[in-house]
Amino acid sequence: MGVSNAARPGAWFLRLLLLLLVSLCVLAAASIIFTTSTLSVKQMLRRNFRSSRSSRNPPPKRLNVSLSSSPELVSLATTCSPETLDAGAIHFHASQVSEATRHFYTKLQALNQPPAPPMFTDDHAFLCEEILAKREQWAYCLPISARRDEPFCVNASREQLLDSLPSLPHNQLYCYASVLHLILVDVYEELRVLGGKPALLYGTLLGAVRNKSVIPFTEDADIGYQLTGKFLLDDLKDALWRKGLHMFHYGIPRVCISPIHPLASRLYNPHKSLGTEYTVPYVDMYKMRKHMFTLKWDIEQTKNGRKLADAQVQPYSKVELLGEMYDTLADPTGFLRIEYGENHMVPESYLWWW
1 MGVSNAARPG
11 AWFLRLLLLL
21 LVSLCVLAAA
31 SIIFTTSTLS
41 VKQMLRRNFR
51 SSRSSRNPPP
61 KRLNVSLSSS
71 PELVSLATTC
81 SPETLDAGAI
91 HFHASQVSEA
101 TRHFYTKLQA
111 LNQPPAPPMF
121 TDDHAFLCEE
131 ILAKREQWAY
141 CLPISARRDE
151 PFCVNASREQ
161 LLDSLPSLPH
171 NQLYCYASVL
181 HLILVDVYEE
191 LRVLGGKPAL
201 LYGTLLGAVR
211 NKSVIPFTED
221 ADIGYQLTGK
231 FLLDDLKDAL
241 WRKGLHMFHY
251 GIPRVCISPI
261 HPLASRLYNP
271 HKSLGTEYTV
281 PYVDMYKMRK
291 HMFTLKWDIE
301 QTKNGRKLAD
311 AQVQPYSKVE
321 LLGEMYDTLA
331 DPTGFLRIEY
341 GENHMVPESY
351 LWWW
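Counted from 1, the sequence shown has number 137 at position 137 by the UniProt record's numbering; the numbering is strictly sequential.
Incorrect hints may have been included.
As the list claims (entries may be wrong) - Below, in silico cross-link-like pairs of lysine-lysine (DSSO-like), each with a Cα-Cα straight-line distance of 27 Å or less:
{"#": "1", "residue 1": "K212", "residue 2": "K134"}
{"#": "2", "residue 1": "K230", "residue 2": "K290"}
{"#": "3", "residue 1": "K230", "residue 2": "K296"}
{"#": "4", "residue 1": "K290", "residue 2": "K237"}
{"#": "5", "residue 1": "K287", "residue 2": "K230"}
{"#": "6", "residue 1": "K287", "residue 2": "K134"}
{"#": "7", "residue 1": "K318", "residue 2": "K230"}
{"#": "8", "residue 1": "K134", "residue 2": "K272"}
{"#": "9", "residue 1": "K307", "residue 2": "K272"}
{"#": "10", "residue 1": "K212", "residue 2": "K107"}
{"#": "11", "residue 1": "K303", "residue 2": "K287"}
{"#": "12", "residue 1": "K134", "residue 2": "K290"}
{"#": "13", "residue 1": "K290", "residue 2": "K272"}
{"#": "14", "residue 1": "K303", "residue 2": "K212"}
{"#": "15", "residue 1": "K296", "residue 2": "K197"}
{"#": "16", "residue 1": "K272", "residue 2": "K296"}
{"#": "17", "residue 1": "K134", "residue 2": "K237"}
{"#": "18", "residue 1": "K272", "residue 2": "K212"}
{"#": "19", "residue 1": "K307", "residue 2": "K318"}
{"#": "20", "residue 1": "K107", "residue 2": "K287"}
{"#": "21", "residue 1": "K272", "residue 2": "K197"}
{"#": "22", "residue 1": "K318", "residue 2": "K303"}
{"#": "23", "residue 1": "K197", "residue 2": "K318"}
{"#": "24", "residue 1": "K197", "residue 2": "K212"}
{"#": "25", "residue 1": "K303", "residue 2": "K272"}
To be verified - Cβ-Cβ distance ranges computed for the label pairs, FRET-style:
{"#": "26", "residue 1": "L111", "residue 2": "Q314", "range": "51 to 61 Å"}
{"#": "27", "residue 1": "P270", "residue 2": "S317", "range": "24 to 34 Å"}
{"#": "28", "residue 1": "H103", "residue 2": "D234", "range": "26 to 36 Å"}
Source of the hints: derived by calculation from the structure; they are not laboratory data.
None of these values were measured; they are calculated from a predicted model.
Where is the CB? At the ideal position from N, CA and C, for every residue including glycine.
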C-alpha cells in the first residue's frame, strides 16, 4: 500500500500529459483540414472570379489566316501563323487619348497592304500556342532585333514602324526606341484610363528631360503606377492583350510585343533566339505606394531603396516626350540627380553593332 500510494501522483501526471498530447494532435489535424478546405475555397473563388471577368469581354477580332497545320497540333508542326489582331478592330479610347494616338491608329488602319501574320518555324512555332504562351514570361515576347545607333535613331518614334522601308535585314529596318515608344504609349494610356495614375520614371524620364525623346541605346521604358480605387493589374493585362501586348510578371510587371500584334510581321526576327530575358523591347512597371504613417513614397527599385518625401512625388508635373506631354513626379530633376548623379544630363557614349 505504501508503494502504491507513493506512485499514484506520478501515474496521474502521466495520464494528464498523455491527454494533453492527444488534444494537441487533434487540434493540429483540425487545423490542417481547415487550412486545406480554406485554400480550396479560395482557389475556387479565384477561378470563378477570373472566368466571370473574362466572360465580360468578347474576344478581339482577328485576321483570317490559313494555318499550315492544325492549331491543336502546332507543337508537332514545322510552320504556323498566329491569328494576329485586326488593326481596324483594335479599341482605343478615342475621347481620352492624344491626337497623336488617334493619328497613329488611323494611319495603321489605313495601310494599303496590312501586314500579314508572321510565319513561325521550328521552336518558334510555340508562339502559335496562344493559350499556353499567355502563361509564359519572356518566352511569349515576339523576337525582335532593332537598331540603337545614332544619329539614325535620334528622336525615333512609333511612327517609323508604319513607314515603308527598303528591304533590309530585320535588325536594320527599325529603331529599338521606336518599338519602346509604341509599347510605352499604349501602357501609359491604358493605365491612365483604368485609374493607375502612370508617371514616367528612370531612363524614360531621363530621355524626356535630356532631349524630349527616348534614349536610342536604352533597353527598356519605365513607367510608375499606383494601385488606387478599383484599378487591378489583371484589368490592365486584359486591355493590353487586346492591343497585341503581352504583360507578365518577372520581379515586377513587364510588357512586350506579342505575336498577335498587328505589326508583328514587320518586327519579327526569325533568326533571334526565343525566350531570352531582357533581349527584346519591353516596358518596366514600378509600383508607387505612399506610406500611411510616414507619408513617404516607396517606388520600386529606387537607388538604395530610398523613400521619397510626399512633396517630391505629388502633385504630378508634366514632361514632354516626342511631342506629347506625360505625367511624372513633382520633382523630376531631384529624382534623376539622386538616381543617376549630378552629371545625369550628360549622355554616356555607347557603340552598338548590329
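Hint by hint, here is what the structure shows:
no. : hint                    : result
1   : K212 / K134             : 34 Å, violated
2   : K230 / K290             : 17 Å, holds
3   : K230 / K296             : 23 Å, holds
4   : K290 / K237             : 24 Å, holds
5   : K287 / K230             : 15 Å, holds
6   : K287 / K134             : 22 Å, holds
7   : K318 / K230             : 25 Å, holds
8   : K134 / K272             : 20 Å, holds
9   : K307 / K272             : 40 Å, violated
10  : K212 / K107             : 23 Å, holds
11  : K303 / K287             : 15 Å, holds
12  : K134 / K290             : 32 Å, violated
13  : K290 / K272             : 41 Å, violated
14  : K303 / K212             : 24 Å, holds
15  : K296 / K197             : 17 Å, holds
16  : K272 / K296             : 43 Å, violated
17  : K134 / K237             : 10 Å, holds
18  : K272 / K212             : 31 Å, violated
19  : K307 / K318             : 21 Å, holds
20  : K107 / K287             : 33 Å, violated
21  : K272 / K197             : 35 Å, violated
22  : K318 / K303             : 23 Å, holds
23  : K197 / K318             : 13 Å, holds
24  : K197 / K212             : 21 Å, holds
25  : K303 / K272             : 33 Å, violated
26  : L111 / Q314: 51 to 61 Å : 41 Å, violated
27  : P270 / S317: 24 to 34 Å : 43 Å, violated
28  : H103 / D234: 26 to 36 Å : 30 Å, holds
Violated hints, listed in ascending order, are 1, 9, 12, 13, 16, 18, 20, 21, 25, 26 and 27; each of the other numbered hints is respected by the structure.
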